[in-house]
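Position chain L against the provided structure of chain S, taking the given hints into account.
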Amino acid sequence: MAAIDVDGVSKRFGSVRALQDLSLTVEEGEIYGFLGPNGAGKSTTINVLLDFVRPDRGTASVLGMDAQENSEAIRQRTGVLPDGYQVYERLTARQHLEFVMESKGVQEDPHAILERVGIPDAIDRKAGGYSKGMAQRLVLGMSLVGDPELLILDEPTTGLDPNGAVEMREIIREERDRGATVFFSSHILAQVEAVCDRVGILKDGELVAEDTIEGLRDSMGGGHQLTVDVDQVNDSVVGAVRSIPDVTGVETRDSRVIVNVDESEQMAVIDAIRGTGATVKGFETREASLEDLFADITTDKEVAEPDAEGGAEA
Amino acid sequence: MSWTAVARKDFHDSVRSLLLWGVVVVFVLFAGLLAFLYANYFFDVLGVSDPTAETVTFGFVLLMTGNFPLLQFGVGPVLALVPVIGLLLGYKSIAGERDSGQIKILLGLPHSRLDVVVGKFAGRSTVALIGIAVGFSVAALIVLVLKSIEPVIFIQFVVAVALFTLVHVSIGVGISAASPSSTLSLIGVMGFVGIFQVLWGATFFVLNAFVFEFSGQPPDWFRFLRNLSPGRAYDGLMASVVPRYAEYKSEIASNATAGAGTEPVGDAFFTQDWFGVLVLVFWAVVPLAIGYWRFETDDLG
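As they're listed, the protein sequences go chains S and L.
Read left to right, the first sequence gives residues 1 to 314 (my numbering).
Read left to right, the second sequence gives residues 1 to 301 (my numbering).
Isolated chain S (complex conformation) (with noise of 0.2 Å):
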């Protein structure tokens, strides 16, 4: 039995489209990574799962129960760290705890779990005094009490410092040692690589890619990266790369153009350059990086924005 199926879900806001024909599965005992930029679906996804929202087509099951039908069983079982929540203000870390142990009807040492998230020291402070960090520290605490076989954590890194997304994974880690599935999303390619047995990427409500780390390495033309420089970058010399069969992604910065392709086609390039009349001043090639293969499922650019790079997020 899968822990989430979700199969051709569909949702519109109004004219937004949110969600288009979305299926994934995720396997019980994995940790599944929802990668995408910010605006693809996530949390709609998430959402879903959650009974927060109603698709307008198609069926999400979690732990083998229907997502609409059996909400309460579902959440019952399910550990949530959801995105733009806000904690109770007024209330301790404790009484927070205190209160999803009534709400799930189990006991748990509340230090223990605080010591765990690594905020022990606030249990009897109010959360509207926390930091954005201590306050996801509390939730993600707050998710997992009562060994919840389903861990849903919707950018779960958001607001803590590189040590912290360290020690979220490894609680995320340690997880699915224990059993449980879990299914966390995130913008940042580098937080689900490190982790995750299974990636789906989401792009405008649609699933572009779904696999190993390893597999979406193998899918991206050799998973090499070869940068060309040379005297001048126009449409021509684009085009001329991109018709090489073998090239999946062609990219420019500055007087740079960035493809890739698989290592014995990247002669094949340069000569394509050359042919356009340009000339190549030096090349370089290296084993693309995730965030490469990231970049190029869930952008269009097709010419680069000169300031791309400085731009572009994380």
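Keep in mind that the hints are not guaranteed to be accurate.
Pairwise CB distance ranges (calculated) [stated by the list, open to error]: (1) S:84 / L:222: 29 to 35 Å; (2) L:40 / S:159: 43 to 49 Å; (3) S:84 / L:244: 55 to 61 Å; (4) L:199 / S:121: 52 to 58 Å; (5) S:162 / L:181: 35 to 41 Å; (6) S:68 / L:25: 40 to 46 Å; (7) L:17 / S:8: 42 to 48 Å; (8) L:114 / S:159: 28 to 34 Å.
Think of the hints as simulated: they come from the structure by calculation, not from any bench.
Where is the CB? At the ideal position from N, CA and C, for every residue including glycine.
Coordinates of chain L only, in the frame set by chain S:
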């Protein structure tokens, strides 16, 4: 039964905010001040020499409900204050959590949206009841010290006030449940106050004056419609909960100068006490049910 967890959480939150204390203070000032004024100044208006505890108590009850001699044309203090308090207690209960995103914490836990609506109603009602209990205890103490008091009648009266308050908490929570934001919810409850506290009486008064020219007996449909507001129904609730309320009311009214332009009550069904109770049951249930339905079917983005 997880609404109890929601209710308890909501109440704890209210205790730590100004909400509970604000409500307690308002009721203490309101009931206490009126009790003080009543015992010291207004009581003589009743023109009762050597009054029994029962008379003293009913005098206070009639003052609070706006049926006191000389003051009977104004809106009674309970009718002026209680609906506003009840609605204000409710309007942010659910819409406020949607504004802030707290609702995502709440509904990430195994609660249904019905649990949320019922739990919020219960939590806010508890706050209202504590405010009323404290406020009217202070009032009772003041009247007792300065005059005397008949506890059973007074408690019956407070129960009626409490029920009337809960009706408005229910309306406020219902409007809140139906509203995607607390701004809309506030507009909703202000609209409700505007219509039923201000426009309702004024509209029927003007119609009565110009269409029926105070003929003394406007048609039944007119009187039926007029009796559908919560405020008009309140007297029926009072008479149903406080057994000798109606009797004292007419007695004291006849002691004072007969009110000009009063219509004969008649015995149509919509003038009966039970009809007032029925109207209040309607107001307690229907807005909350509609609010729940809107909340249940809405997307919480």
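- Of the numbered hints stated previously, which ones are contradicted by the structure, given in increasing order? The structure conflicts with hints 1, 2, although it agrees with all the remaining ones.
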